[in-house]
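J.: Letter by letter, the chains look like this.
Protein chains: 2
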Amino acid sequence: MVDTHILTGQGNRLPRKDNRGKIAFQGERGAYSEAAAYKYFGPSTELLPLRTLSEVFHAVEEREVRSAIVPVENSLEGSVSETYDLLRTTNVKVRGEVNLRIVHCLIARPNVALKDVKIVYSHPQALGQTRQFIEKRHLTPQPTYDTAGSVMMLKEASKSVAAIASAHAAEIYGMKVLKKGIEDNHNNYTRFFILSLRDAPKTGSDKTSIIFSAKHIPGSLYRILGEFAKRNLNLTKIESRPTRRTPWEYNFYLDFEGHRTDKKCVDALKQVQKKTVFLKVIGSYPKAEL
Amino acid sequence: MVDTHILTGQGNRLPRKDNRGKIAFQGERGAYSEAAAYKYFGPSTELLPLRTLSEVFHAVEEREVRSAIVPVENSLEGSVSETYDLLRTTNVKVRGEVNLRIVHCLIARPNVALKDVKIVYSHPQALGQTRQFIEKRHLTPQPTYDTAGSVMMLKEASKSVAAIASAHAAEIYGMKVLKKGIEDNHNNYTRFFILSLRDAPKTGSDKTSIIFSAKHIPGSLYRILGEFAKRNLNLTKIESRPTRRTPWEYNFYLDFEGHRTDKKCVDALKQVQKKTVFLKVIGSYPKAEL
Numbered sequence: 003m004v005d006t007h008i009l010t011g012q013g014n015r016l017p018r019k020d021n022r023g024k025i026a027f028q029g030e031r032g033a034y035s036e037a038a039a040y041k042y043f044g045p046s047t048e049l050l051p052l053r054t055l056s057e058v059f060h061a062v063e064e065r066e067v068r069s070a071i072v073p074v075e076n077s078l079e080g081s082v083s084e085t086y087d088l089l090r091t092t093n094v095k096v097r098g099e100v101n102l103r104i105v106h107c108l109i110a111r112p113n114v115a116l117k118d119v120k121i122v123y124s125h126p127q128a129l130g131q132t133r134q135f136i137e138k139r140h141l142t143p144q145p146t147y148d149t150a151g152s153v154m155m156l157k158e159a160s161k162s163v164a165a166i167a168s169a170h171a172a173e174i175y176g177m178k179v180l181k182k183g184i185e186d187n188h189n190n191y192t193r194f195f196i197l198s199l200r201d202a203p204k205t206g207s208d209k210t211s212i213i214f215s216a217k218h219i220p221g222s223l224y225r226i227l228g229e230f231a232k233r234n235l236n237l238t239k240i241e242s243r244p245t246r247r248t249p250w251e252y253n254f255y256l257d258f259e260g261h262r263t264d265k266k267c268v269d270a271l272k273q274v275q276k277k278t279v280f281l282k283v284i285g286s287y288p289k290a291e292l
Numbered sequence: 003m004v005d006t007h008i009l010t011g012q013g014n015r016l017p018r019k020d021n022r023g024k025i026a027f028q029g030e031r032g033a034y035s036e037a038a039a040y041k042y043f044g045p046s047t048e049l050l051p052l053r054t055l056s057e058v059f060h061a062v063e064e065r066e067v068r069s070a071i072v073p074v075e076n077s078l079e080g081s082v083s084e085t086y087d088l089l090r091t092t093n094v095k096v097r098g099e100v101n102l103r104i105v106h107c108l109i110a111r112p113n114v115a116l117k118d119v120k121i122v123y124s125h126p127q128a129l130g131q132t133r134q135f136i137e138k139r140h141l142t143p144q145p146t147y148d149t150a151g152s153v154m155m156l157k158e159a160s161k162s163v164a165a166i167a168s169a170h171a172a173e174i175y176g177m178k179v180l181k182k183g184i185e186d187n188h189n190n191y192t193r194f195f196i197l198s199l200r201d202a203p204k205t206g207s208d209k210t211s212i213i214f215s216a217k218h219i220p221g222s223l224y225r226i227l228g229e230f231a232k233r234n235l236n237l238t239k240i241e242s243r244p245t246r247r248t249p250w251e252y253n254f255y256l257d258f259e260g261h262r263t264d265k266k267c268v269d270a271l272k273q274v275q276k277k278t279v280f281l282k283v284i285g286s287y288p289k290a291e292l
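The listed protein sequences correspond, in order, to chains A and B.
Residues in the first sequence are numbered consecutively from 3, following the working numbering.
Residues in the second sequence are numbered consecutively from 3, following the working numbering.
Isolated chain A, as found in the complex (with noise of 0.2 Å):
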């Protein structure tokens, strides 16, 4: 049996008017994102820990927070599908990204050895970056919400139990790092997107990103892609999702180099448009360094 409290958490979320100029972000104290937000935003950010992906989008739709940041995908697991689904489903619009290496800890109560471990907790992306080491030490993988968030259950749980998490998040909840770096390969970077009701002015070395449904007709997604490859415009992802409208159709989201005031990005979007049955430009901003 499961307690709520335990594997859930409970976000703190302020009165509205408290959290305007805030910056939020999906999981407790200590998450990755909660890292990549102070990388980017500077460390004397403040920032509001939300208990879901869902409830972030709608703070930034509500105007209750200044901005958001949100993992998008992994260099390892791939894309966050739930953000992708909400970028599509909102008006928020993406106006930054930024890349995070992620180094994974294997964390316990103080007085618990490598030897008593036996399920740890984490979030699913976690436990995907470190199936190898999960499977070799015939650990039980325990999904969670979020990652510090298993660092902060830790008080609750029994001595068998580890969590999965940042360094930081230890530090935080007064927890011991067992062993250090153990995500299957050290290839571990996260890119987070910044959110607002606003994208980005041109800087000249931008990025866009659309979602756009192909018309089901042979060679569609070929002849949209060529408009960009004609203008020599750089795509740099291409992902597909379910339309969830019909079984087997797709949606595209597509990241190309460029903002979508440059000549060559309003003219091949011109022609895209044409070629769609539905397009929508979720931002351009300024590309991030690996």
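By construction, these hints were calculated from the structure, which means they are not laboratory data.
Small disclaimer: the values here were computed from a predicted structure and weren't measured.
A hint or two may mislead.
Identical copies go unnamed one by one, so any copy, or any two together, can satisfy a pair.
List of simulated lysine-lysine pairs, DSS-like, C-alpha gap at most 30 Å [said to hold, decoys possible]:
#  : residue 1 : residue 2
1  : Lys138    : Lys24
2  : Lys282    : Lys138
3  : Lys41     : Lys182
4  : Lys276    : Lys182
5  : Lys217    : Lys265
6  : Lys120    : Lys157
7  : Lys138    : Lys117
8  : Lys276    : Lys217
9  : Lys161    : Lys24
10 : Lys266    : Lys217
11 : Lys239    : Lys266
Dock chain B against the given chain A, drawing on the hints supplied.
T.: Positioned in the frame of chain A, the structure of chain B alone reads:
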């Protein structure tokens, strides 16, 4: 605190030689994969439930079972990323596909009423497919390894816990269906792959699945898709997954109509090979009905 036996179940794996005629699937009796196996192979098929997708793939690779069935994608939630990764890293071939309409039920112990329910157990994919239902009723989702396994866990859970799974799972474990058809959208289908060490012979109505990584030059994906477009080979799916080698480099998973031994397909694949860093044909198989 979480008890291992409750949250993970114990796949009833039999000694190697007894399983050679069986079809392996991931999950417990009553899982949707089991229903898909009966739909594809017929009701008298002998099945072997295993705990993880990785165990299912390895049972096929090591000839412990005759065949296996695994979920590939859902029409609401998208691809099952672990299946895609295992298709790339193992030597298993796809020899068939089958689509199953998914009807989710809210299931509880016989003495529990709808108003008692506060927490819902289920597989993350099923929680994603019923997200609106869960949020509207302010329930707390608790991810588990399997839909049917969640129903099995209800025996030891408190009255505030329900599970999301099939009506058949409720029947198997002697539980009550509180509400039927709770998926957010009734266009809810899961596509399964049939795995074996060889793919299927040509039938005249076939599909082929491939994995490739494009060369890192602008327009390379466009030119690869062109090899299919100019031969009128219809693409039915394209999906990208991180390579796990270099951040922000992707492998593409492509399904197209035709058998790999068809002249047009042979020619297209020969040209695609020249334009890719890596190309793997994971199998040709008869096209399923919706």
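J.: Give a verdict on every hint.
T.: Now for the hints, and whether the structure bears them out:
1. Lys138 <-> Lys24: between (42 Å within a copy, 27 Å between copies)
2. Lys282 <-> Lys138: between (44 Å within a copy, 27 Å between copies)
3. Lys41 <-> Lys182: Answer is within: at 21 Å inside a copy they meet the 30 Å cutoff, but 46 Å across does not.
4. Lys276 <-> Lys182: neither (51 Å within a copy, 41 Å between copies)
5. Lys217 <-> Lys265: both (25 Å within a copy, 27 Å between copies)
6. Lys120 <-> Lys157: both (16 Å within a copy, 23 Å between copies)
7. Lys138 <-> Lys117: This pair counts as within: shortest intra-copy Cα distance 13 Å, inter-copy 42 Å.
8. Lys276 <-> Lys217: both (10 Å within a copy, 29 Å between copies)
9. Lys161 <-> Lys24: neither (37 Å within a copy, 39 Å between copies)
10. Lys266 <-> Lys217: Both, since 23 Å and 24 Å are each at most 30 Å.
11. Lys239 <-> Lys266: both (18 Å within a copy, 28 Å between copies)
Of the numbered hints given earlier, the model fails hints 4, 9; all others are met.
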